[in-house]
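> The chain contents come next:
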Amino acid sequence: MDQRILVERARGGDRDAFAVLARSAATRLDAAARLILRDREQARDAVQDALIRAWRDLPGLRDPDRFDAWLYRLLSNSAIDEARRRRRRVIEVEISAIDVSGHDDPIATLADRDALDRALAGLSPEHRALVVLHYYLGLSLPEAAVAQGISLSAAKSRLHRAIGSLRRTVVETVDPAVPAARGGQP
Amino acid sequence: MNAPERFDRDLGDMLVELAQPQFPDYFDEALDRAVANRQRPAWTFPERWFPMGILTRRLPFVPALPVRAVGMLLLLLLLLAVTVAFGVGALLLQQRPAPPLGLAANGLIAYSENGDIYTTDPRTGAGRLIVGGPTMDVAPSFSNDGSTVLFIRVVETNPQEVVAVMMADWDGANLRTLVEPEVAGELHWSSLSPDGRLYAIANSADGVPPLSIVDVASGVRAPIDVPPKAGPFEWLPDSSGIVFRGADGDPAIYAVRVDGTGFRKLTEQPTQGTFSERLQVSHDGRYIGHNARVAGTHMIYLFDMLNGETRSIVPPADSGGHVGHPVFSTDSEMVAYIRYEEGGSTAQVVVAPLASAPDGAVDVGPAVPVRANQIGLTAQFSPDSTYLLITSDAGDAWLADLETRTYEPFDLPKDQFDPAWQRRAP
Numbered sequence: 001m002d003q004r005i006l007v008e009r010a011r012g013g014d015r016d017a018f019a020v021l022a023r024s025a026a027t028r029l030d031a032a033a034r035l036i037l038r039d040r041e042q043a044r045d046a047v048q049d050a051l052i053r054a055w056r057d058l059p060g061l062r063d064p065d066r067f068d069a070w071l072y073r074l075l076s077n078s079a080i081d082e083a084r085r086r087r088r089r090v091i092e093v094e095i096s097a098i099d100v101s102g103h104d105d106p107i108a109t110l111a112d113r114d115a116l117d118r119a120l121a122g123l124s125p126e127h128r129a130l131v132v133l134h135y136y137l138g139l140s141l142p143e144a145a146v147a148q149g150i151s152l153s154a155a156k157s158r159l160h161r162a163i164g165s166l167r168r169t170v171v172e173t174v175d176p177a178v179p180a181a182r183g184g185q186p
Numbered sequence: 001m002n003a004p005e006r007f008d009r010d011l012g013d014m015l016v017e018l019a020q021p022q023f024p025d026y027f028d029e030a031l032d033r034a035v036a037n038r039q040r041p042a043w044t045f046p047e048r049w050f051p052m053g054i055l056t057r058r059l060p061f062v063p064a065l066p067v068r069a070v071g072m073l074l075l076l077l078l079l080l081a082v083t084v085a086f087g088v089g090a091l092l093l094q095q096r097p098a099p100p101l102g103l104a105a106n107g108l109i110a111y112s113e114n115g116d117i118y119t120t121d122p123r124t125g126a127g128r129l130i131v132g133g134p135t136m137d138v139a140p141s142f143s144n145d146g147s148t149v150l151f152i153r154v155v156e157t158n159p160q161e162v163v164a165v166m167m168a169d170w171d172g173a174n175l176r177t178l179v180e181p182e183v184a185g186e187l188h189w190s191s192l193s194p195d196g197r198l199y200a201i202a203n204s205a206d207g208v209p210p211l212s213i214v215d216v217a218s219g220v221r222a223p224i225d226v227p228p229k230a231g232p233f234e235w236l237p238d239s240s241g242i243v244f245r246g247a248d249g250d251p252a253i254y255a256v257r258v259d260g261t262g263f264r265k266l267t268e269q270p271t272q273g274t275f276s277e278r279l280q281v282s283h284d285g286r287y288i289g290h291n292a293r294v295a296g297t298h299m300i301y302l303f304d305m306l307n308g309e310t311r312s313i314v315p316p317a318d319s320g321g322h323v324g325h326p327v328f329s330t331d332s333e334m335v336a337y338i339r340y341e342e343g344g345s346t347a348q349v350v351v352a353p354l355a356s357a358p359d360g361a362v363d364v365g366p367a368v369p370v371r372a373n374q375i376g377l378t379a380q381f382s383p384d385s386t387y388l389l390i391t392s393d394a395g396d397a398w399l400a401d402l403e404t405r406t407y408e409p410f411d412l413p414k415d416q417f418d419p420a421w422q423r424r425a426p
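For the protein sequence lines, the chains are V and X, in the order given.
Residues 1 to 186, numbered by the working numbering, are exactly what the first sequence covers, in order.
Residues 1 to 426, numbered by the working numbering, are exactly what the second sequence covers, in order.
Mixed in with the good hints there might be a few duds.
[Said to hold, decoys possible] Covered by chain X, per the in silico footprint, the following chain V stretches (three or more residues, Cβ under 8 Å):
| id | stretch |
| --- | --- |
| 1 | 14-23 |
| 2 | 54-63 |
| 3 | 67-80 |
| 4 | 124-137 |
| 5 | 148-154 |
[Said to hold, decoys possible] Example chain V residues on the side facing chain X (calculated, C-beta under 7 Å, incomplete):
| id | residue |
| --- | --- |
| 6 | T27 |
| 7 | L51 |
| 8 | L116 |
| 9 | S157 |
It should be emphasised that the hints constitute simulated quantities derived from the structure, not laboratory data.
Yeah, the Cβ is synthetic: ideal placement off N, Cα and C, and Gly gets one too.
Could you put together the complete structure from these sequences and hints?
As structure tokens, then:
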């Protein structure tokens, strides 16, 4: 069924229609939350909170065609709230089980993933959320800026800084012969 | 396409790879909890039923003119007149060009924040937006005479970073494009010559000359024939040419004239390690300083162009520490660099006489913790070589007095980066 019709039905209180919408987005929401929070339990709480907010506030969504971007915005806000709530808690780095099948160079893939995981850990939750909104969930930069409640120029600046940091860490880790733009110390 | 460009292009796929998306096993429980809540009625969202005209309408206002208000207005006008008078005076002082090399008076500090360019006066703390708007502008720098500010405009970040070079008067007026937008490779360096007539731009992106010189007056750009992957680069103080490190694996330092002639080797540096920071050339033209990493240890080499000798600054033996990121004072008397303690856990700025470094080195400013793959601190000398502006990765800034070796926090926004100090006429 057309997503717009589902959104309009859910907006009118149709739980089944909302279930279809939520189910189709669940995998991406969960993965995005894990990327932002780097903790499976926190990600679960963030997705739960985003779904509650989505159901509760759906009648206020004016443009049904913007449902996905709106839902991602709710998830980003929930994830950042979650990170702030539990900032004092020690966060264990989650290393996913590695499935190396189907890759040309499993060692390189493993190194890439490990380097990216550690590089993401060096960013704040707000910066991680922006990277995930733009690069993983596919929001345009203006949409990502709106999702984070910041100006476009602030989003550009944050993203530029975040990507620069990720790039330096990943490229240097995977290929130590490549010098960082600003340098770095081991 | 080089590694960083591949990184930008592949980041989305790498995130998918890292996240390993799968349908969450808690979904049904989460959905049940969500729909167990009551939806907010549509009428509780103001924007759905208040006409925008009501929300945005200004309230009627009838001004009154009591005597007290008129007096306050006159007082404000007087203050405004005084401020303007001081501003005009400051403007006249700012317009005097500084000498292109050596000691100069301390001017404004420019920095980028949230994609805009600001200046702040370190004496008064007065800040000012000089280039704003929706564009993302970063990395400001001043011409050596202090009259012009240059910065990078990031036009696109995805899938590749596309940048232009912009320039404006020191106060942001007369904004114009110096270098049209182009894809920026990982090695992307650009700098105005000390005399302000030429602009050098190095770019490792495919299809772009590795090094080219732009005539500022005409905008004409001419490529310079240097080996691919050469760099980093830096201007010679007399603006006659560029010095640079050879291509990958070549530890020598070369020079070439701005017209592309006179390619020559200056020195064979005693390392097979990597350079990880730009070259530094002292204002008097005598020293070239740079980082090198040898057998996992960061150290500094100082090449003396007068006698052809190379001196090294190394961390204490068996300390497990590192040193790096040298910068020279404008009087060519001092070198500042960063000392990292064992394991790279803390960073500390050190200042030493250039003629004898590392002998005579003293700590200046705070020691700060360093995260992996970060540099921890950066330092730059004030134009008059009496202060050191120190900034940390965390966004903190300090101004250290080199005579008393005291330091205090300097008010720069946490999100700022790339501060640059303007030179003024003494």
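> So, for every hint listed, does it hold in this structure?
Here is how each hint holds up against the structure:
1. 14-23: Since 5 is at least three, the answer is holds.
2. 54-63: Held - the stretch 54-63 of chain V has 8 residues with a Cβ nearer than 8 Å to chain X, which meets the minimum of three.
3. 67-80: violated (count 0)
4. 124-137: holds (count 5)
5. 148-154: With 4 residues in contact (Cβ-Cβ under 8 Å with chain X), the coverage given for the stretch 148-154 of chain V holds.
6. T27: holds, 5 Å
7. L51: holds, 4 Å
8. L116: holds, 5 Å
9. S157: holds, 4 Å
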